[in-house]
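Please work from the sequences and hints to get the whole structure.
First to last, the sequence lines map onto chains A and B.
Each residue of the first sequence is one higher than the last, beginning at 167 in this note's numbering.
Each residue of the second sequence is one higher than the last, beginning at 2 in this note's numbering.
The set of hints was computed from the structure by calculation and includes no laboratory data.
Just so you have them, the derived chain A footprint on chain B, three or more residues with Cβ under 8 Å:
id, stretch
1, 211-224
2, 245-255
3, 272-285
Simulated restraints on C-beta separations:
id, chain 1, residue 1, chain 2, residue 2, range
4, A, D197, B, L269, 31 to 39 Å
5, B, S264, A, S196, 41 to 49 Å
6, B, R158, A, D197, 38 to 46 Å
7, A, D197, B, A288, 14 to 22 Å
8, B, G159, A, D197, 39 to 47 Å
9, A, L170, B, R158, 56 to 64 Å
10, B, S183, A, V172, 52 to 60 Å
11, B, A217, A, L170, 21 to 29 Å
12, B, I48, A, L170, 52 to 60 Å
Under 8 Å between C-beta atoms, here's a sample of chain A residues computed to sit facing chain B:
id, residue
13, A182
14, A195
15, G214
16, L217
17, R219
Where a beta carbon is used, it is the ideal one built from N, C-alpha and C, also for glycine.
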Amino acid sequence: MQLLDVLAALLVVGAAAAFTFGAMALARASDVEAIYYLVIGIVALRAGVQLVRSGASV
Amino acid sequence: MNDGTSEASPDSLPPSSAPVSGRPLPRRRRWLLERMASVGASAQAAIPGLYAWAITVAPAAWSRGAPLLAKVAAVVGVLALVTAPFLEGAAASVSDGADPKPSPARGKRLPLLGTVRTWTGPTWARAWSVWGFVLSSATVWALAPAALSSARLDGVRGAAGMVGWALFAFASAGPALRSDPSAAGRTVASTSLKPRSELPRGDGAYVAVGVALALAMQGVGWGVAVPERAVLVRLVTVVCGIAVVSGTTSIALARDAARAPLSRRLRLRRALPWLLMLVLVVLAGVAVGTAR
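This is the structure:
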């Protein structure tokens with residue numbers, strides 16, 4: 167397992183954590199905070215997947 | 002499929018119950034498959050019949066004020082449905098190898114007793130299944146008519162019961178689905194099938210981690226008092242869980258990709274816009290939080 171694979175796994179786990187924080191903020195009716203965490207989760211998840219993809223175009 | 006190199010002789014063919022791989026099945030499993038393959042029309046009708054019984058007959062028989070005779074009639078209906086396949090199967094196994102009974106000539110009406118004497122096992126089974134079930138159900142409804150009143154019968158349940166009875170009638174009237182007798186001749190004994198490529202280990206761990214993360218998200222937001230927000234939180238957690246499972250699955254599949262892996266620099270360059278965006282969003286959040 168390369169270093170980038172570890173980084174990708176960490177990004178996916180971080181995305182899951184950001185999603186969880188976003189859902190908790192949404193439950194507290196903190197909509198701006200929820201959107202912020204959800205955006206972080208989406209971007210982190212996308213970055214993690216892009217790190218491990220092989221051969222395909224961007 | 003035949004590869005054309007050798008023609009399997011009938012002696013080398015496996016029995017119809019054996020898998021294509023040639024490995025023998027356990028005896029109990031083979032017996033079960035053979036029994037399932039030899040079901041007749043009454044067995045096919047038993048499934049929708051039981052469904053119709055559970056929806057339309059059982060609630061009436063066990064409704065408040067229904068007499069004991071209604072319950073007995075309902076049980077008889079279930080017995081008719083359940084025992085008819087065994088009756089049909091037993092009669093079919095007895096009549097195997099025996100000459101079929103002569104059928105009455107067309108246009109010539111036999112007396113009732115003579116007609117009944119020409120019935121074979123499947124005919125008896127079908128009569129027992131159809132008439133036993135229908136008459137017992139009619140008895141139940143006659144003894145407990147209040148259970149079918151519009152005030153006590155739910156509309157959806159009534160419609161589902163109609164569908165069940167229609168399927169029972171269709172399955173009872175139609176011929177039994179038989180297996181193709183020539184199918185056994187098309188199978189070729191061979192060794193166990195092997196996959197074209199071996200999957201690397203660890204894919205299940207990736208998916209399991211993704212599922213665990215997705216499930217952990219589902220524990221959030223169950224104490225929300227406002228219904229609309231509670232639904233929104235559930236929707237968001239489900240969507241986020243699906244996204245995480247999709248991400249971990251993509252990572253697992255990327256390990257198995259047959260294409261040539263990219264260099265580390267190329268992978269980093271491709272993910273760089275998303276990484277930069279992530280850093281910017283995080284820094285913006287930190288800055289806004291600090292300014293407050």
